[in-house]
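Participant: Take the sequences, apply the hints, and build the full model.
There are 2 protein chains.
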Amino acid sequence: MHMPSHMPPSPSAPPLYRRLAAHYRGAIEAGSLAQGERMPSLRSLMRLHDISLSTALQLCRTLESDGWAEARDRSGYFVRKPQRLQMMPMGEPAASTSFDPAQYVGIHARVSDFVARRRAADVKVNLSTARAAPQLYPAEALRSNMARALRLRPELLSGAPPLRGDLNFRTALAKRAVSSGMTLSPEEVLVTNGCIEALNLALRAVAQPGDTIAVESPTFYGLLQVLESLGLRALEIPTSPQTGLSVEALELAFQAYDDIKAVVVIPHLQNPLGSVMPDAHKERLVRLCESRRVALVEDDTYTELLDVDTMPRAIKSWDRGGNVIHCASLHKILAPGLRLGWISAGRWQARVEMLKYTLSRHNEVLSQIGAGEFMGSGAYDRHLRRLRAALRVQRERTAEAIARYFPAGTRLNLPNGGLQLWVELPGMCSSADVFDVALREGIAVAPGLLFSNSQRTNHFLRINCGWPYDDAVDNAIRRLGRIASTL
Amino acid sequence: MHMPSHMPPSPSAPPLYRRLAAHYRGAIEAGSLAQGERMPSLRSLMRLHDISLSTALQLCRTLESDGWAEARDRSGYFVRKPQRLQMMPMGEPAASTSFDPAQYVGIHARVSDFVARRRAADVKVNLSTARAAPQLYPAEALRSNMARALRLRPELLSGAPPLRGDLNFRTALAKRAVSSGMTLSPEEVLVTNGCIEALNLALRAVAQPGDTIAVESPTFYGLLQVLESLGLRALEIPTSPQTGLSVEALELAFQAYDDIKAVVVIPHLQNPLGSVMPDAHKERLVRLCESRRVALVEDDTYTELLDVDTMPRAIKSWDRGGNVIHCASLHKILAPGLRLGWISAGRWQARVEMLKYTLSRHNEVLSQIGAGEFMGSGAYDRHLRRLRAALRVQRERTAEAIARYFPAGTRLNLPNGGLQLWVELPGMCSSADVFDVALREGIAVAPGLLFSNSQRTNHFLRINCGWPYDDAVDNAIRRLGRIASTL
Ligand SMILES: Cc1ncc(COP(=O)(O)O)c(C=O)c1O
Ligand SMILES: Cc1ncc(COP(=O)(O)O)c(C=O)c1O
Chain A
1 MHMPSHMPPS PSAPPLYRRL AAHYRGAIEA GSLAQGERMP SLRSLMRLHD ISLSTALQLC
61 RTLESDGWAE ARDRSGYFVR KPQRLQMMPM GEPAASTSFD PAQYVGIHAR VSDFVARRRA
121 ADVKVNLSTA RAAPQLYPAE ALRSNMARAL RLRPELLSGA PPLRGDLNFR TALAKRAVSS
181 GMTLSPEEVL VTNGCIEALN LALRAVAQPG DTIAVESPTF YGLLQVLESL GLRALEIPTS
241 PQTGLSVEAL ELAFQAYDDI KAVVVIPHLQ NPLGSVMPDA HKERLVRLCE SRRVALVEDD
301 TYTELLDVDT MPRAIKSWDR GGNVIHCASL HKILAPGLRL GWISAGRWQA RVEMLKYTLS
361 RHNEVLSQIG AGEFMGSGAY DRHLRRLRAA LRVQRERTAE AIARYFPAGT RLNLPNGGLQ
421 LWVELPGMCS SADVFDVALR EGIAVAPGLL FSNSQRTNHF LRINCGWPYD DAVDNAIRRL
481 GRIASTL
Chain B
1 MHMPSHMPPS PSAPPLYRRL AAHYRGAIEA GSLAQGERMP SLRSLMRLHD ISLSTALQLC
61 RTLESDGWAE ARDRSGYFVR KPQRLQMMPM GEPAASTSFD PAQYVGIHAR VSDFVARRRA
121 ADVKVNLSTA RAAPQLYPAE ALRSNMARAL RLRPELLSGA PPLRGDLNFR TALAKRAVSS
181 GMTLSPEEVL VTNGCIEALN LALRAVAQPG DTIAVESPTF YGLLQVLESL GLRALEIPTS
241 PQTGLSVEAL ELAFQAYDDI KAVVVIPHLQ NPLGSVMPDA HKERLVRLCE SRRVALVEDD
301 TYTELLDVDT MPRAIKSWDR GGNVIHCASL HKILAPGLRL GWISAGRWQA RVEMLKYTLS
361 RHNEVLSQIG AGEFMGSGAY DRHLRRLRAA LRVQRERTAE AIARYFPAGT RLNLPNGGLQ
421 LWVELPGMCS SADVFDVALR EGIAVAPGLL FSNSQRTNHF LRINCGWPYD DAVDNAIRRL
481 GRIASTL
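Note that the protein sequences, when read in sequence, are chains A and B.
Using this note's numbering, you'd call the opening residue of the first sequence number 1 and step up by one each time.
Using this note's numbering, you'd call the opening residue of the second sequence number 1 and step up by one each time.
Since the hints were made in silico from the structure, they are not lab data.
It cannot be assumed that every hint is accurate.
Stated by the list, open to error - So the derived label-pair ranges between C-beta atoms look like this:
#1 283(A) - 122(B): 42 to 48 angstroms
#2 80(B) - 187(A): 48 to 54 angstroms
#3 120(B) - 322(A): 21 to 27 angstroms
#4 322(A) - 119(B): 20 to 26 angstroms
The C-beta atom is built at its ideal place from N, Cα and C for all residues, glycine as well.
Facilitator: Pasting the structure below:
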């Protein structure tokens, strides 16, 4: 087996032992190193890669904790396939589905109840919110940008916030959008209070109370709340845990219902599934909605957390006539303490601008300046690489623990990025019951029933992987597994 | 005439010449000094008040520029009544009114058109927005509070914003509310993106699309936009330029319509009228709405700009069963660059909290910290005193210029505080035409038709007095007067 003896280091690259670990992991995945085979000894690793004993040790321990090797007393390390890879993948949704004709959502009460109970409880390990640990965000750089702006631009506080948002920030967003294939001018970018406000604006721009909106099933519960609060009906469209929204099923839905006013999709790292739509599906979806004159709303909240070098194309990149409304957020990827989102609403832009003005006026500008400067520098990409790498490790460890601790028959897809895992419990184990028991033990998870108006997702859990995988998290996953086994 | 020879100075009190000017002004208003009478000479002023020549001169010039004295060549200063006091006050609205049964508002298009044209124009003097000049806001103190928070609390950016808003800020708001007679716990205060978001939340909490909302006529155009965007109908209730909403007229409206879901009032310094509701009216209004089980929404945006020592009681102070929703803002009084508002929603509090979460999640926290610290210090009251004093001068000068330059028959009430004057043009002079012509000359005003869905207010103008009264403003008022005369 050929291995490069020197890997060129780059300033932002991961440390040597991590790069070597990735190399061995590739070899195992490719089959060059077989399950059960003995790993080279520490001594041969040192010679082979010209590394120190401590680096060789770090390499082996990393492979072990990532689940790719196990130590056997005195005989060294042996190759193993991580247990997570042996879990059954989730099933695809049924291809043809009969739709529930009157899906008024009733999600408010569910979410309120869930949120209230979580708040009232003494939560020690929070695996329920979709956010990474504070230390994974570039707070230092942002706050120094913001402090500088406060010092140099006192008029920020005493004058009105700028129209549509800070120009420099909108310019940075428009530039960044190019890497997803979108061509936007800063004038087409309107800054909002998070993606959630953007979704509110998008739906209010295209639909009236009583109208029907097609959404993925399962989907982000916040979206279902928005629909309910606006008096809109949610039509849940089957969605693959791998490839996202089923465009075929949507076509059937269009045939069955003629009052669908919009389709809302989370094309990349869908919440909660983690699915990623292939380009061909996205293009077909754009053309389908275009031909039906149904607004297509794209929620881009998680795309930057994809563990890839080249960003996939945004749905909006196929848009020709302004039929796609692009909504996005920096909340999960840059700073959870800032409420920064944006919208580019195609042919509804003027209406969305007026609605935003009527709803909350323009956003405060300070955090936009901080974020805009950061995004305009190389630091942004460095931050994202670091964040993605940390999340990858955390997802894999969490998945490994689920494979180890959860009852046989538990299913899981390991998404290629993002903050969370969507776990299917075996049998008809109720996630609401798991939630209840776990909460009493100080562990919070998001029960599947939050993500659909149907009963289909009751035996699913969404588990956050934003926290460094430490003993507390490991214990929590073990407890969850035991709870799921006994229920 | 007795005059105190020494006035005790206090650190935050206005300068001596201003206090003396206020004293003389009182004497003129009380009639102790008659119109046309000669003012004491500079020399006697110096002796009488034990002041320097320069202070005596400042005193006389202040009286002159405030309109209370005029200089006659070589003979000194003579008492005069300001011209503004000779203008006709505005008429009261008709006591009995037939209501327009289907007042769907169509204000969006009007406002869009107005805003778009103002933006496209090269505005040199902006008398259209309700905001004070930047130098009248305490930007320095706020930004040093915010910079300190950034330095000491980096987790502000990397953790989620606190539930309901910053606790210290909510505590400061709740404390402040005591001086308006309200007893609120910080838990009953929810921070919003300005008062406009608070109004959106209030109306969504209590009404459904198609419902009717009673509002003052005329009223803040932003409120009419909110109603329209939510699919609500506005029923305009006659409102006195002096005492605000006519509670009798509202009673008649309740008899005529049984689908009124809420009443929205701006009890103090109503926008655009400047009216202030007497306590007895407020209490009667609370009881009326309570007995009808109709939600009463109070917009408290301008109260702190009232030129009084003791704040009037908020409508909510009479609330017993949680039927009053209090909405407020710091936007006009503390910092236009911050989007800080709040809501206390009585029996709808839980629903409003859920709607806020669904609409925009919790507000960013940094500006709340800055504002909360400022409000917790004596600096807040000092700032307000200074702001009110500056606005008083600006309102009076502006009114004086209107009296001088506008056509005979122009009517005006001089409100006891606030940022703006509501001016009734004689004849049926169209404010839309005035707006058009003025805009071409670089002067922006708010035409009356923005403030009502009826045609009643077409011959009114709202003129902002937030800017220091300088030559540019003086010229703009003169031009406006000429335009109104020739149309
Ligand atoms: C898919 C999706 N869209 C939107 C949001 C809300 O984003 P923001 O916090 O920017 O309002 C979330 C947050 O959980 C989400 O998961
Ligand atoms: C009466 C009234 N209420 C509310 C608002 C909006 O306040 P904010 O800027 O806090 O959203 C205004 C602003 O013009 C106003 O005049």
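Participant: Each hint: holds or not?
Facilitator: We went through each hint and held it up to the structure:
no.: 1; hint: 283(A) - 122(B): 42 to 48 angstroms; verdict: holds, 45 angstroms
no.: 2; hint: 80(B) - 187(A): 48 to 54 angstroms; verdict: holds, 53 angstroms
no.: 3; hint: 120(B) - 322(A): 21 to 27 angstroms; verdict: holds, 22 angstroms
no.: 4; hint: 322(A) - 119(B): 20 to 26 angstroms; verdict: holds, 22 angstroms
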